[in-house]
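Protein chains in written order, with the working numbering: chain A, -5 to 216; chain B, -5 to 216.
Possibly wrong hints are sitting among the right ones.
[What the hints assert, rightly or not] Derived DEER-like restraints, expressed as beta-carbon distance ranges: (1) B:P185 with A:D65: 11 to 21 Å; (2) B:E198 with A:G104: 44 to 54 Å; (3) A:A202 with B:D205: 45 to 55 Å; (4) B:D164 with A:G86: 33 to 43 Å; (5) A:R13 with B:E198: 46 to 56 Å; (6) A:A202 with B:E16: 44 to 54 Å; (7) A:A213 with B:K75: 44 to 54 Å; (8) A:D65 with B:T196: 29 to 39 Å; (9) A:A213 with B:D65: 55 to 65 Å; (10) A:G25 with B:D49: 30 to 40 Å; (11) A:L181 with B:D201: 40 to 50 Å; (12) A:D65 with B:G87: 22 to 32 Å; (13) B:A212 with A:G197: 48 to 58 Å; (14) A:D65 with B:N10: 36 to 46 Å.
Worth flagging that the hints you see were computed from the coordinates, not collected in a lab.
Ideal Cβ placement from N, Cα and C applies to all residues, glycine included.
Number of protein chains: 2
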Amino acid sequence: MDKVRIIEVKQNVLANNDRKAEELREELKAGKTFLLNLMSSPGAGKTTLLGKVVDRLKGELRIGVMEADIDGDVDALAMAKHGVKSIQLHTGGMCHLDASMTKQGLSELGTDDVDLAILENVGNLVCPAEFDTGAGKNLMILSVPEGHDKPLKYPLIFTVCDALVINKIDVLPYFDFDMEKVKEYALMRNPKLKIFPLCAKTGEGVDALCDWLKEQVAAWNA
Amino acid sequence: MDKVRIIEVKQNVLANNDRKAEELREELKAGKTFLLNLMSSPGAGKTTLLGKVVDRLKGELRIGVMEADIDGDVDALAMAKHGVKSIQLHTGGMCHLDASMTKQGLSELGTDDVDLAILENVGNLVCPAEFDTGAGKNLMILSVPEGHDKPLKYPLIFTVCDALVINKIDVLPYFDFDMEKVKEYALMRNPKLKIFPLCAKTGEGVDALCDWLKEQVAAWNA
């Protein structure tokens, strides 16, 4: 009885959110701001990768970053050092961002002078996947130490993402991680997924991801 | 308006769950079964650590394992190889286990012949921390590749846990992970936290955790 009630509430919340996300996407399209939603487990390397991407693209695109966390401001401080505008969003204990929270964040950030807005979602492979933020594209990071079986265990996030970064390839020799298997499992969830093995720390492979991102921004404004 | 409504629903759900968790804990106490709730990010090493713990303790304690996942059965299959009874719980998309789901799992597992029941929760540092499962103690794993700043970003899980395993110490040389800082941050969240640095893969440091677990089971039945 209890379980049924909870699920119904959740479905209403999700339906409301989907509608708001669609509205936000239309507003962003009209305003020529492309929003990327970046998701991963805690510690997969979202902030480090963002730093490298921002350093490469800030000469060509006007970038704004929203760092979402349950608590703390270490990520926004880190991004500010890379010379792009950034704000910290506190979710107040919530495990994900929804479209309303994202819209509020974008309004605080200011999007008039932003071509590429990046939302660093809360570190979590489950709940963020359920809530459409209104982003143009979803990008996720899986890092080598997490293991190649993750697409089997967390199917939804691999399904809703447009691109998958496989990060920390520099430590491949020290982990039992099968690159072919992870690709096979991920493509089983989502045959259209673009996959970018890279190392955010050293920068190896980051250029290919940046090229993909530039294509997305161009297509958004076409 | 919407946000307020969601929060109220969540508070009701949490209050109901707390009551059910307390009831389950009393039942387990009466039945002399100690339940450990194991939480971590995806890929921190829960299943590997459990295998090592079970191998060391199965001669002294009757152990039963519940592997919770959104999908898949790889973990329950892995545990069965270690010669203890194990079942797989599918959460059907839910990002955590609550006390009702845990009770249902325990009833499927059967606890009459179990001294130590272990629940491997869904890989997630956020939602599982909010839902009391009815366990006697909560144990979490943070792995070296995730970084030492996690107690700053995911405060609640460090607060509700009784013990913290710092796993994958074998790869310390390849990551910028500060062991002293992580201890300082974690103890700031929870001064009573027991901390066990170890490597589940090689077994280094696992004995100290097993000693702690045996003490908890003994205290539960005292």
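Here's how the hints hold up against the structure:
no.	hint	in the structure
1	B:P185 with A:D65: 11 to 21 Å	18 Å, holds
2	B:E198 with A:G104: 44 to 54 Å	51 Å, holds
3	A:A202 with B:D205: 45 to 55 Å	49 Å, holds
4	B:D164 with A:G86: 33 to 43 Å	37 Å, holds
5	A:R13 with B:E198: 46 to 56 Å	52 Å, holds
6	A:A202 with B:E16: 44 to 54 Å	53 Å, holds
7	A:A213 with B:K75: 44 to 54 Å	48 Å, holds
8	A:D65 with B:T196: 29 to 39 Å	34 Å, holds
9	A:A213 with B:D65: 55 to 65 Å	32 Å, violated
10	A:G25 with B:D49: 30 to 40 Å	58 Å, violated
11	A:L181 with B:D201: 40 to 50 Å	42 Å, holds
12	A:D65 with B:G87: 22 to 32 Å	26 Å, holds
13	B:A212 with A:G197: 48 to 58 Å	52 Å, holds
14	A:D65 with B:N10: 36 to 46 Å	26 Å, violated
When held up to the earlier numbered hints, the structure conflicts with 9, 10 and 14 and fits the remainder.
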